[in-house]
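Engineer: From first to last, the protein sequence lines stand for chains B and Z.
Heads up: the first sequence at position 103 corresponds to 103 in the numbering used here, and the numbers run straight through without jumps.
Heads up: the second sequence at position 127 corresponds to 127 in the numbering used here, and the numbers run straight through without jumps.
There's no promise every hint is true.
[Stated by the list, open to error] 25 angstroms max Cα-Cα, derived BS3-like pairs, lysine-lysine:
id, chain 1, residue 1, chain 2, residue 2
1, B, LYS282, Z, LYS285
2, Z, LYS177, Z, LYS285
3, Z, LYS233, Z, LYS77
4, B, LYS222, Z, LYS233
5, B, LYS187, B, LYS89
6, B, LYS282, B, LYS222
7, B, LYS89, Z, LYS285
8, Z, LYS196, Z, LYS177
9, B, LYS282, Z, LYS233
[Claimed, not checked] Simulated coverage check for chain B against chain Z, where a stretch passes if three residues somewhere in it have a Cβ under 8 angstroms from a Cβ of chain Z:
id, segment
10, 104-113
11, 208-220
Simulated from the structure, these hints should not be mistaken for lab results.
Glycine included, C-beta positions come from ideal geometry on N, C-alpha and C.
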Amino acid sequence: MVGIPILVIVLIVIYPTIWMFYHAFHDTNMMSLFRQDWQPVGFQNFEAVLTSERFRNSLWHLAIYLTFGACLQVVLGTILALILYESVKTGWMRVVLLIIMVLPMMLPPSITGILWRFLLQASNGAVNHILLNVGILEGTERIDWFSVDLSLWSLVIADTWQWTALPLLIVFSGRVSLPPAVYEAAKVDGASGYQVMRRLTLPMLREIIAIAFILRFMDAYKFVDKVYVMTSGGPAQSSELPVYIAFQTGIREFQVGLAAGYAIIIFVGAALIITLFLQYLKRVMRNAGVVD
Amino acid sequence: MSRTAASAGQPNYRLIRYVLLAFLVIWLVFTLFPLYFAVITALKPVEEINRMVPTFWPETFRIDNFSGIFADPGSLKSLIDSIIIASANTALSLVLGTLAGYALARYLRGALGENLAFFILSQRMFPPVAILIPIFFLFDATPWGTDSYITLILLYLVFNMPLATWLMMVFFRDAPKELEEAAYLDGYTPLRAFFKVTLPLVVPGMISVAMLCWIFAWNEYLFANLLTGTTVKTFPVHIPTFVAGSQTLWNFVMAFSLVAMLPPVILFIILRRYMVRGLSLGVVKG
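Pulled out of the complex, with its shape left as it was, chain Z reads as follows (with noise of 0.2 angstroms):
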């Protein structure tokens, strides 16, 4: 009886494989469609991309499409002021994240600890755009104005911080106690312990926590355009500006999203280990 159900289910079960595997395939398209279109819009001249019918493979290869972004200075400042924010934004954000990681993870265990903790975490989950018009009085009114480094990479941290201090804790409660009482045992002073015991057991976990921090600042566009955007300019805000009268050069905007797009693709094949754990929040062990 049950043999013969098992039997009259084999070839469907083939056939669901089949639509399931054509169903991976056809994402698989979707997905790198636009991206192959990004590439060959890089390599193509603006002519061949503003004519009627769009070309799917490039007739003319202008592979020089890479270096002529960076004809415009504004192209190679706006990348390093980037990197600059995002790098000292993902610093910042660590080292406070650590920091208050760790005072949750071994001094706040109780209920005031765990709502606190959750509080940090919730404020990553408000909506920016609740406080858009008080941040921007707010950093007017300091010294440096609004339109300067010190701005993004403090307001990067409304997002960043709540992650890396959320996420740190998850870390310093996987590192096991016992070692650092040992050291206490040992006569270690707590801050000794602390750098030479705990800190290199996260290691990984900080990892984990700079990448999608510094990810996260890389990419960010709203508060960058309405805040900055004449001294300091990132690579988001400068990319629409690739135009000539009212037209979009578009070899160029692809040809720079592209460099753009490098580093956090590089970080994520590197290290994507460490990177699903943090983006589900230390649950799941990636």
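This is chain B alone, in the form it adopts within the complex (with noise of 0.2 angstroms):
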């Protein structure tokens, strides 16, 4: 019964994975894909991926991106569940606000991608008409929010917006189901609210925390659909991810062999950081009772 998700996975993971493997090493190209002809090239790809600084940048954009993309969602995220949690007593109050602050998440991220692309336009978009009534902007100034220092924010933005959800449905949840009992105790103790929540509340919810973090993690380093509605990786290569780097060359400039190289790159990134992860994820999972 497990044989059959198994040799899915073999068909559609794991033979097009050592079929880039074999490719990483050889001069493919389109031409020479139809002509079934390649010739090995040692490891010329993935020194030219190493060497090259597009792929630099690209990797400094990755670490920006998965700060304050990434890591802040689920900062932002805890901290707005607490508040929630906290601070909204009625019920269905909690419902609709929490209804509300995960509709972002059920877009597309395609659609999120040109939701935003609509909003950041710099002559008469609603960012900028916003900014300029409140005073921040004057008379004919824009924010080109697509320019070459800023469209990685947008980006940051608009993943923010959408997936900062994600996160905080999780955590919410899970303060919902720490036991009662502890605060009970902790309130007869004459505990404060912030020794409350700083001895008992991110204790408790810390491995939840950490999976919301992974969750958010992962999914931010394949991430690649708002990288292709939004900026194109532009301009001037301002936007670019790793992934959306072997993407372009791969399947719009179709340097077969080079785009593997990448591919393996990011396989291996990838790779490291899920076992690191898996690691952690099997302990929680055992504290959890989900595995033995």
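Could you use the hints to bring the two separately framed chains together as a complex?
Structural biologist: Structure representation (structure tokens):
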């Protein structure tokens, strides 16, 4: 019974991965692929990737994106979830607010990208005109959200708008399921709100927050939809992420060998991170009783 | 001593409370504004949208934008295509995930089974970009070609099946084993015990899995955009085609996006509790 899913994984994941490994060591491009004729080039593709400035820049973008996109989202989501839990006590109000805050997550990522591209238009975009109305911008001043300096940040904004809801939802549900008895005991002992948060709530939610972080981190690592529809990595490659370059070299420029080089490096990176996370996940899942 | 410290801290706490509440309100505004603007844009005529100064309340209401999007026969077809693909993929993920999850939960409880389970789960986290090109050739070589329903239905298994397998394993582990054993004693065959006793116990879990798989398949864009687009066109691929010349028809784009957003939102509102469990890989009970 486990055989069929494994078979599917082998067919549509493992086989393509091996294919990419093979071509990462060859000079394959579109022509050679159709003529079935490619030459081994050793580590040339990897060398080309690792020495290219484009790749190094994209790693920097990824670091920014993961810090301000993924990490910040988990921090924001946790804070918002706890505020929602502590300060809104009416049941239906909580549900309504939770549903409102989770709405962005229900929008397809590509459409979120389109929506934010529309909101952030320089000349008549809604965001710039709000800034004009509140007096942050004046006269003909406009922020060009898709300039070299800002386009990566526009992606981060759109992504944060959409995905803060995930850690929020997970942490909120985690907080709801914490045992009330512990809190009553703390109240009897006269613990302050800060102490309860610091010594009780956060430690008890640590693993749940970690799960939210792992989920967000892995999604952010492979993230490409919004780059594709919002900025296409531009202008001047200023918002390119490694995954997007792999995609661009492979699908648009059809330098299959080079793209495979990118893909394998990304793959190895993912494998390292996943292995690391799985070790932790195993522990968390054991504590939660999900696995033995 | 402690009383003075507490009373000195009192006004501070109130201030912090207000600051936190203000933060929550600001976040709500930040969340709602883009959606609000999408709604009013969907109700405006194109000329009003293209003005140099955007209006924050429509001067002219065009409710017929919502029927206007369906003047393009591709619109309705793209929604139907998306429904077909998402539903078929969900059904397939659910069947495979249920069987594999059951096997992992009941028969493979040792180190091998656990590693297998984590291996399957890890597949969900890998970047699909790493396999895009060979996937294209793989499906190109099949009799149905790349631009077909089967392509996307099978391809979305890449991310949905590992999730379904993992979650079903979690739900089967939760289901009490004793009932199944009692059924065996009553002379049930393993198959009958599975369908009559165990499966009904995990129906809530199956709802959660089905909903998540359906939403993920419904929202997918990258594979759909690259591999299909002529015979089969899902709605995320269809939406960018609302253009007149070089001008984007934002009212249609927004109206159609809102229509397409409805199914996931409705699913979430009705089945919220089930969803949290699935989203957290089974850790948070929801």
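Engineer: Decide, hint by hint, whether the structure agrees.
Structural biologist: Quick rundown of the hints versus the structure:
Between LYS282(B) and LYS285(Z), the direct Cα distance comes to roughly 17 angstroms. Compliance with the 25 angstroms bound is thereby established for this hinted pair. A threshold of 25 angstroms between alpha carbons decides the hint, and for LYS177(Z) with LYS285(Z) the separation of about 20 angstroms falls inside it, so the pair holds. This hinted pair checks out: LYS233(Z) and LYS77(Z) have alpha carbons roughly 8 angstroms apart, not beyond 25 angstroms. This hinted pair checks out: LYS222(B) and LYS233(Z) have alpha carbons roughly 23 angstroms apart, not beyond 25 angstroms.
Under the criterion of a C-alpha separation no larger than 25 angstroms, the hint pairing LYS187(B) with LYS89(B) is consistent with the structure, at around 17 angstroms. The suggested pairing of LYS282(B) with LYS222(B) holds, with an alpha-carbon distance near 22 angstroms, which does not exceed 25 angstroms. With a C-alpha separation of about 21 angstroms, the suggested pair LYS89(B) and LYS285(Z) falls inside the 25 angstroms cut-off, and the hint holds. For the hint pairing LYS196(Z) with LYS177(Z), the CA-to-CA distance comes to about 13 angstroms; that is within 25 angstroms, so the pair holds.
Taking the CA atoms of LYS282(B) and LYS233(Z), the gap is about 40 angstroms. The hint is violated against a cut of 25 angstroms. For the segment 104-113 of chain B, the stated coverage by chain Z holds: 7 residues have a C-beta nearer than 8 angstroms to a C-beta of that chain, and at least 3 were required. Coverage of the segment 208-220 of chain B by chain Z holds [criterion: at least 3 residues with CB-CB distance below 8 angstroms; count 5].
Consistency note: the structure conflicts with earlier hint 9 alone.
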